[in-house]
Amino acid sequence: MKKLFIIAFLMLLTLQSAFSQTKKIEDLYNEYTLVRNTPNRKATKEKSLALLERATELNEKQVTNVNYHLARLHEEEKEPELAIPYYEKVIKIVPGYYVAQRALGFINLKKCEALGHKVTAAAQAKNESLYNESFKAYKKQVLLTIPYFEKSQACDADDNTLNILTGLYKSIKATQSLTTLDSRLKELAKDCVSLLDE
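Under mature numbering (1 follows the signal peptide of the UniProt record, and there is no 0), the letters of the sequence shown match residues -20 to -1, 1 to 178, in that order.
Just so you know, the hints here were simulated from the structure itself, not pulled from any lab data.
Ideal Cβ placement from N, Cα and C applies to all residues, glycine included.
Warning: the hint list may mix true and false statements.
Unchecked claim - DSS-like mimics (lysine-lysine), calculated; alpha carbons at most 27 Å apart, straight line:
| id | residue 1 | residue 2 |
| --- | --- | --- |
| 1 | K22 | K41 |
| 2 | K72 | K91 |
| 3 | K119 | K91 |
| 4 | K22 | K4 |
| 5 | K22 | K69 |
| 6 | K41 | K69 |
| 7 | K22 | K3 |
| 8 | K3 | K25 |
| 9 | K120 | K150 |
| 10 | K91 | K69 |
| 11 | K153 | K90 |
| 12 | K153 | K69 |
| 13 | K58 | K69 |
| 14 | K119 | K72 |
| 15 | K91 | K41 |
| 16 | K166 | K150 |
| 17 | K90 | K120 |
| 18 | K91 | K4 |
| 19 | K4 | K69 |
| 20 | K4 | K25 |
| 21 | K3 | K41 |
| 22 | K69 | K98 |
| 23 | K98 | K72 |
| 24 | K98 | K120 |
To be verified - Listed next, with one range per pair, are the computed distances between beta-carbon atoms:
| id | residue 1 | residue 2 | range |
| --- | --- | --- | --- |
| 25 | K106 | K166 | 39 to 45 Å |
| 26 | A169 | K72 | 19 to 25 Å |
| 27 | Q156 | T100 | 19 to 25 Å |
| 28 | P75 | D7 | 28 to 34 Å |
| 29 | A103 | E178 | 45 to 51 Å |
| 30 | S163 | N112 | 31 to 37 Å |
| 31 | P75 | K4 | 55 to 61 Å |
| 32 | E178 | S151 | 38 to 44 Å |
| 33 | E108 | E56 | 40 to 46 Å |
| 34 | N10 | E40 | 14 to 20 Å |
Construct the complete structure from the given sequences, taking the supplied hints into account.
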């Protein structure tokens, strides 16, 4: 009986997959747009993943939109690590979309904070080799994080983001970079996208 149930379940999955592959891509995308802003996260995720399986049939704007909403969904479900590749795809297609840049900044900032605690613990333990190793990892993460916040600050300046940037630069003893921050922000501000088109 159990074997029969498993076989029936696998057949159902196969049929569902085949059905989604035979549906017109326009119909799938329309279903996705109807469900993406509803509280039904499971349906949104299923529709998004089904669309991404057929991404070559979508236009660039649609691919970007699906990736962005899937990233947000993962963040809302407290799965930031799963959100990262989707946000990165969005930025690859639309580098000026600072909303995704800011989201990645905050995801990476949490990694910086965790690594910063290790640096502090190593310093308090007076373990120089552990401190140097921890600081190296921390600095690497900070340098990955800063560009996201710089883009966000360039496109939608606020004191909180500026304070984060200042703190990150100071924490890795790179205060000289703060002297050239304004010129970098002006350059980054030339390509700002606040809303994704469909």
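Against the structure, the hints come out as follows:
1. K22 x K41: Cα-Cα ~23 Å, so holds.
2. K72 x K91: 22 Å, holds
3. K119 x K91: Measuring from Cα to Cα gives roughly 11 Å; hence the hint holds.
4. K22 x K4: 21 Å, holds
5. K22 x K69: 21 Å, holds
6. K41 x K69: Holds, at about 12 Å.
7. K22 x K3: Holds - the C-alpha atoms of K3 and K22 are around 20 Å apart, at most 27 Å.
8. K3 x K25: Judged against 27 Å, a Cα distance of about 17 Å means the pair holds.
9. K120 x K150: The given pair, whose Cα atoms are some 14 Å apart, holds under the 27 Å limit.
10. K91 x K69: The hint holds at about 20 Å.
11. K153 x K90: 19 Å, holds
12. K153 x K69: Given pair K153, K69 is violated - Cα atoms ~31 Å apart, limit 27 Å.
13. K58 x K69: Distance of about 19 Å is within 27 Å: holds.
14. K119 x K72: The hint holds at about 24 Å.
15. K91 x K41: Not OK: K91 and K41 at ~30 Å, beyond 27 Å, violated.
16. K166 x K150: Holds, at roughly 21 Å.
17. K90 x K120: 14 Å, holds
18. K91 x K4: Violated: K91 and K4 sit about 41 Å apart, past 27 Å.
19. K4 x K69: 24 Å, holds
20. K4 x K25: 19 Å, holds
21. K3 x K41: 20 Å, holds
22. K69 x K98: Not OK: K69 and K98 at ~31 Å, beyond 27 Å, violated.
23. K98 x K72: 32 Å, violated
24. K98 x K120: 14 Å, holds
25. K106 x K166: 39 to 45 Å: 43 Å, holds
26. A169 x K72: 19 to 25 Å: 20 Å, holds
27. Q156 x T100: 19 to 25 Å: 24 Å, holds
28. P75 x D7: 28 to 34 Å: Given a distance of about 31 Å, which is inside 28 to 34 Å, the answer is holds.
29. A103 x E178: 45 to 51 Å: 50 Å, holds
30. S163 x N112: 31 to 37 Å: 32 Å, holds
31. P75 x K4: 55 to 61 Å: Check failed, 31 Å falls outside 55 to 61 Å.
32. E178 x S151: 38 to 44 Å: At roughly 40 Å between Cβ atoms, S151 and E178 fall inside 38 to 44 Å, so the hint holds.
33. E108 x E56: 40 to 46 Å: Given about 42 Å between the Cβ atoms, the range holds.
34. N10 x E40: 14 to 20 Å: Taking Cβ atoms as reference, N10 and E40 lie about 18 Å apart, which means the hint holds.
Going through the hint list in order, the structure does not satisfy hints 12, 15, 18, 22, 23 and 31.
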